[in-house]
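Q: Here is what each chain is made of, one letter per residue.
Number of protein chains: 2
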Amino acid sequence: MKKRIVITGMGFGGIRAARVLAGKGHDVVLVDRNNYHLFQPLLYQVATAGLEQESIAHSVRAMARKWPGTRFHLSEVTGVDFAARGIRTDTGQIPYDYLVIGAGSVTNFFGLDSVERHSFDLKELTDAETLRNHILTAFERAVNEPDPARQRALMTFVIVGGGPTGVEFAGALIELVHFVLAKDYPELSTNAARVVLVEATARLLAAMPETQGSYTLKKLRSMSVEVLLNARVVDAGPERVIMHDGAVIPAHTLFWSAGVKAAPLAATLETSQKGGGRIPVEPDLSLPGHPEVFVIGDMAYLEQDGSALPMTAPVAMQMGIHAGRVIIAREAGKTLPPFRYIDKGSMATIGRNAAVASAFGMNFRGYSAWLVWLLLHLYYLIGFRNRIVVMLNWVWYYWFHERQVRLITRREERQD
Amino acid sequence: MKKRIVITGMGFGGIRAARVLAGKGHDVVLVDRNNYHLFQPLLYQVATAGLEQESIAHSVRAMARKWPGTRFHLSEVTGVDFAARGIRTDTGQIPYDYLVIGAGSVTNFFGLDSVERHSFDLKELTDAETLRNHILTAFERAVNEPDPARQRALMTFVIVGGGPTGVEFAGALIELVHFVLAKDYPELSTNAARVVLVEATARLLAAMPETQGSYTLKKLRSMSVEVLLNARVVDAGPERVIMHDGAVIPAHTLFWSAGVKAAPLAATLETSQKGGGRIPVEPDLSLPGHPEVFVIGDMAYLEQDGSALPMTAPVAMQMGIHAGRVIIAREAGKTLPPFRYIDKGSMATIGRNAAVASAFGMNFRGYSAWLVWLLLHLYYLIGFRNRIVVMLNWVWYYWFHERQVRLITRREERQD
Numbered sequence: 001m002k003k004r005i006v007i008t009g010m011g012f013g014g015i016r017a018a019r020v021l022a023g024k025g026h027d028v029v030l031v032d033r034n035n036y037h038l039f040q041p042l043l044y045q046v047a048t049a050g051l052e053q054e055s056i057a058h059s060v061r062a063m064a065r066k067w068p069g070t071r072f073h074l075s076e077v078t079g080v081d082f083a084a085r086g087i088r089t090d091t092g093q094i095p096y097d098y099l100v101i102g103a104g105s106v107t108n109f110f111g112l113d114s115v116e117r118h119s120f121d122l123k124e125l126t127d128a129e130t131l132r133n134h135i136l137t138a139f140e141r142a143v144n145e146p147d148p149a150r151q152r153a154l155m156t157f158v159i160v161g162g163g164p165t166g167v168e169f170a171g172a173l174i175e176l177v178h179f180v181l182a183k184d185y186p187e188l189s190t191n192a193a194r195v196v197l198v199e200a201t202a203r204l205l206a207a208m209p210e211t212q213g214s215y216t217l218k219k220l221r222s223m224s225v226e227v228l229l230n231a232r233v234v235d236a237g238p239e240r241v242i243m244h245d246g247a248v249i250p251a252h253t254l255f256w257s258a259g260v261k262a263a264p265l266a267a268t269l270e271t272s273q274k275g276g277g278r279i280p281v282e283p284d285l286s287l288p289g290h291p292e293v294f295v296i297g298d299m300a301y302l303e304q305d306g307s308a309l310p311m312t313a314p315v316a317m318q319m320g321i322h323a324g325r326v327i328i329a330r331e332a333g334k335t336l337p338p339f340r341y342i343d344k345g346s347m348a349t350i351g352r353n354a355a356v357a358s359a360f361g362m363n364f365r366g367y368s369a370w371l372v373w374l375l376l377h378l379y380y381l382i383g384f385r386n387r388i389v390v391m392l393n394w395v396w397y398y399w400f401h402e403r404q405v406r407l408i409t410r411r412e413e414r415q416d
Numbered sequence: 001m002k003k004r005i006v007i008t009g010m011g012f013g014g015i016r017a018a019r020v021l022a023g024k025g026h027d028v029v030l031v032d033r034n035n036y037h038l039f040q041p042l043l044y045q046v047a048t049a050g051l052e053q054e055s056i057a058h059s060v061r062a063m064a065r066k067w068p069g070t071r072f073h074l075s076e077v078t079g080v081d082f083a084a085r086g087i088r089t090d091t092g093q094i095p096y097d098y099l100v101i102g103a104g105s106v107t108n109f110f111g112l113d114s115v116e117r118h119s120f121d122l123k124e125l126t127d128a129e130t131l132r133n134h135i136l137t138a139f140e141r142a143v144n145e146p147d148p149a150r151q152r153a154l155m156t157f158v159i160v161g162g163g164p165t166g167v168e169f170a171g172a173l174i175e176l177v178h179f180v181l182a183k184d185y186p187e188l189s190t191n192a193a194r195v196v197l198v199e200a201t202a203r204l205l206a207a208m209p210e211t212q213g214s215y216t217l218k219k220l221r222s223m224s225v226e227v228l229l230n231a232r233v234v235d236a237g238p239e240r241v242i243m244h245d246g247a248v249i250p251a252h253t254l255f256w257s258a259g260v261k262a263a264p265l266a267a268t269l270e271t272s273q274k275g276g277g278r279i280p281v282e283p284d285l286s287l288p289g290h291p292e293v294f295v296i297g298d299m300a301y302l303e304q305d306g307s308a309l310p311m312t313a314p315v316a317m318q319m320g321i322h323a324g325r326v327i328i329a330r331e332a333g334k335t336l337p338p339f340r341y342i343d344k345g346s347m348a349t350i351g352r353n354a355a356v357a358s359a360f361g362m363n364f365r366g367y368s369a370w371l372v373w374l375l376l377h378l379y380y381l382i383g384f385r386n387r388i389v390v391m392l393n394w395v396w397y398y399w400f401h402e403r404q405v406r407l408i409t410r411r412e413e414r415q416d
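Residue numbers (the numbering used here), protein chains in the order written: chain A, 1 to 416; chain B, 1 to 416.
In case anyone wonders, no lab produced these hints; they're calculated from the structure. Note that the structure is predicted; figures quoted are calculated from it, not measured. For each residue, glycine too, the CB sits at the ideal point set by N, CA and C. Hints are not guaranteed to be accurate.
Straight-line distance between alpha carbons at most 20 angstroms, and here's what the computed DMTMM-like set of lysine to aspartate or glutamate pairs gives [what the hints assert, rightly or not]:
1. B:K183 / A:D27
2. B:K123 / B:E402
3. B:K66 / A:E187
4. A:K334 / A:D284
5. A:K183 / B:E402
6. A:K218 / A:E187
7. B:K3 / B:D81
8. A:K344 / A:E292
9. A:K66 / B:E402
10. B:K344 / B:E303
11. B:K334 / B:E292
12. A:K123 / A:E187
13. A:K334 / A:E412
14. A:K66 / B:E187
15. B:K66 / B:D27
Quick list of the computed label-pair ranges, beta carbon to beta carbon [said to hold, decoys possible]:
16. B:V395 / A:T201: 48 to 58 angstroms
17. B:A267 / A:L376: 31 to 41 angstroms
18. A:E270 / B:E239: 50 to 60 angstroms
19. B:W394 / A:W394: 14 to 24 angstroms
20. B:P146 / A:R88: 15 to 25 angstroms
21. B:V248 / A:L336: 56 to 66 angstroms
22. A:P209 / B:V395: 25 to 35 angstroms
23. B:E239 / A:P238: 36 to 46 angstroms
24. B:I388 / A:A83: 50 to 60 angstroms
25. B:E292 / A:R352: 42 to 52 angstroms
26. A:M1 / B:N230: 40 to 50 angstroms
27. B:A182 / A:W394: 16 to 26 angstroms
Per the computed footprint, the stretches of chain B lying under chain A, defined by three or more beta-carbons under 8 angstroms from a beta-carbon of chain A, are [said to hold, decoys possible]:
28. 49-55
29. 64-76
30. 227-239
31. 259-270
32. 373-386
33. 402-412
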């Protein structure tokens, strides 16, 4: 029998679920508050003027064209009515027989209000454009700043969180300053610019083997990123960052990538919540007591071999595919074995010719890892034209040390 | 002797003046409120989801790197102190020995306040992104609109002004609807969408020969654009447009390209002003009584062979080059013959394989004119990488009928 399957959230998990379920004789309704799928792992390159924002987003309707039996609704989901089997959205209620929820995550500031107020993060496309505009505007303001201390603060960037996002952003930012802005601003001594990476634990890239973390640390320091380990940011103002030991870093830009938590939708579902507001799911990814509702990706909490699965894109993708298959199997009167995440490894790029990758018990570093990183990101990016544009930008940057998108597209509204 | 030459406005005229004056032993200061040169003639393609906004903008600092002796100031010019020889900006006063003013033009609504409030125009990069978001959001809203009349209004676009901008936007918009959105929105009858082009005179493209106007009219009508000649829009609301004869067009989008006037800076200069607030200049483009100040481009009023030069990019470019040369000549103790605009022709593209071009007394139409239009726009676009990205988009659209940038990047703030 034809079922109505609603998938909310067109992130990595949602589009995989849609792909599995399309053309299987069901009515598949895709819901997102944006009309595009966003390739979040490259947001930091938009923020550092390396890519145009449009090149890492792809129209959901363009994808849905190729998926028979799917429809798209541009709506923000505000809640779920489990009894009536319908999701509540800002454009009305949408009924479902099956529901797949993959609303993703938001930045977790762990209750540090002043930090939240004065820092930037990278979750949405506009965040990246806003941060790029802010970085470039800071240099423009530095040109006109007579006070050397304030000038240096304008060129000081504090990045919190030594995970992949923090590491990749720090590397891309210091390269932007040294390779590109140094030539753009001959009137500034850009050597005085500071990129400070703050990590609360004793090492970088905690999800990867120790050797990868120490290579990354060495590499970043050789690029003149100041890495502070066992350090925490506890307070912030518009022009300064306060450390756990009371130290003050005069800085005009604070970037926060020290944690994520489940999207606010999770809290409206009236289910139990685990660390980071995540929703515990059954081994088939369904919601306890609601076998017709599945939660996937960053919103889902599932333990495997004694520890919770990480909030990463590969987990979301595999969960999306699994949820889709469970629905198809159930409609065919079959059952599937429980979800099991297959860890294909993880990677982070540090800079030009330098990345770390760990897969199948092997560790790659340097040029080979960097090349694998490039190819895998191009592979997972959606849209053939996007791949060409991104590759073009990378080649350009590699050959000419040029990042073309150093445009200030909007005046800053932020008062500081 | 080394002189300090300030050029305000990095439009078509300003960058040509800068290019002429760079490396001639003078101190050249470039001032603009944006950090990029904008290729305005392609804004309509950004608005119709054909190009990413970054591809038609180019960093001024990237250009200035190649221009010896130039510096850039990101500032908004608020006035000129002729006596003290300095321009007033939001980041302080900048002194000059020579000043070249090319602040361009803004949209002229001719005092129609309701029209200004409810219409879109295309002068700035953000205008194009805002308009694209608005067009795509209108279709998303149409999907959820139960009232057929309101649904049709959401898909009705009124374009005022039958000049090149109006014609090009109308053609690109109807193609977006018929070739792209028709496939994106299977749930809508996009054939009901209306693109209405309103022109106050009896013909389109008044600056070109009559035959070109009538070809354009026929072509647009064959593409199902509704062209209303001898018609004027006199009033507007959020959901309707009122014509001169009282007729009401229910329309969610009104686009205004019926006129331009000199940028507000012109009014602050306390000089006489001509039609459209333009500033009359001497035959050498200098300001009467101020031989060290030049006004170029859309802000300048100069008659040639009995009629005022048009407010177009080619005029601005030639004026920019001339102003630069006058300064160099004067410093060398020479004089140049007065400025004379050489009309190399004009062109407008209507749609796929269809354009009109008039040059050297000859008129081209259709495929050949379209090809010339493409090549000339690529040629004048600044930045090699931009050219590749734009060409890639055009090839993509030509082969696959796909416009990739149909992203709603910002929620609408406009209340209606």
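Q: If a hint holds in the structure, say so; if it does not, say that too.
A: Going down the list of hints, with the structure as the test:
1. B:K183 / A:D27: holds, 18 angstroms
2. B:K123 / B:E402: violated, 25 angstroms
3. B:K66 / A:E187: Status holds; Cα separation ~15 angstroms.
4. A:K334 / A:D284: holds, 13 angstroms
5. A:K183 / B:E402: violated, 38 angstroms
6. A:K218 / A:E187: violated, 31 angstroms
7. B:K3 / B:D81: With a Cα-Cα distance of about 18 angstroms, the restraint between B:K3 and B:D81 holds, given a limit of 20 angstroms.
8. A:K344 / A:E292: With Cα atoms ~29 angstroms apart, A:K344 and A:E292 exceed 20 angstroms; violated.
9. A:K66 / B:E402: Holds, at roughly 13 angstroms.
10. B:K344 / B:E303: holds, 17 angstroms
11. B:K334 / B:E292: holds, 15 angstroms
12. A:K123 / A:E187: violated, 34 angstroms
13. A:K334 / A:E412: The hint is violated at about 56 angstroms.
14. A:K66 / B:E187: Answer holds: A:K66 to B:E187 is near 15 angstroms, not above 20 angstroms.
15. B:K66 / B:D27: The given pair, whose Cα atoms are some 14 angstroms apart, holds under the 20 angstroms limit.
16. B:V395 / A:T201: 48 to 58 angstroms: holds, 49 angstroms
17. B:A267 / A:L376: 31 to 41 angstroms: violated, 56 angstroms
18. A:E270 / B:E239: 50 to 60 angstroms: violated, 39 angstroms
19. B:W394 / A:W394: 14 to 24 angstroms: holds, 22 angstroms
20. B:P146 / A:R88: 15 to 25 angstroms: holds, 18 angstroms
21. B:V248 / A:L336: 56 to 66 angstroms: holds, 59 angstroms
22. A:P209 / B:V395: 25 to 35 angstroms: This hint is violated: roughly 45 angstroms between Cβ atoms.
23. B:E239 / A:P238: 36 to 46 angstroms: holds, 42 angstroms
24. B:I388 / A:A83: 50 to 60 angstroms: holds, 55 angstroms
25. B:E292 / A:R352: 42 to 52 angstroms: For B:E292 and A:R352 the Cβ distance comes to about 47 angstroms; the hint holds.
26. A:M1 / B:N230: 40 to 50 angstroms: violated, 60 angstroms
27. B:A182 / A:W394: 16 to 26 angstroms: violated, 35 angstroms
28. 49-55: With 4 residues closer than 8 angstroms to chain A, the region 49-55 of chain B meets the three-residue bar; holds.
29. 64-76: holds (count 4)
30. 227-239: violated (count 0)
31. 259-270: Per the Cβ count (0), the hint is violated.
32. 373-386: n = 3 at 8 angstroms, threshold three: holds.
33. 402-412: holds (count 8)
When the structure is compared with the earlier hints, violations turn up for hints 2, 5, 6, 8, 12, 13, 17, 18, 22, 26, 27, 30 and 31 and for no others.
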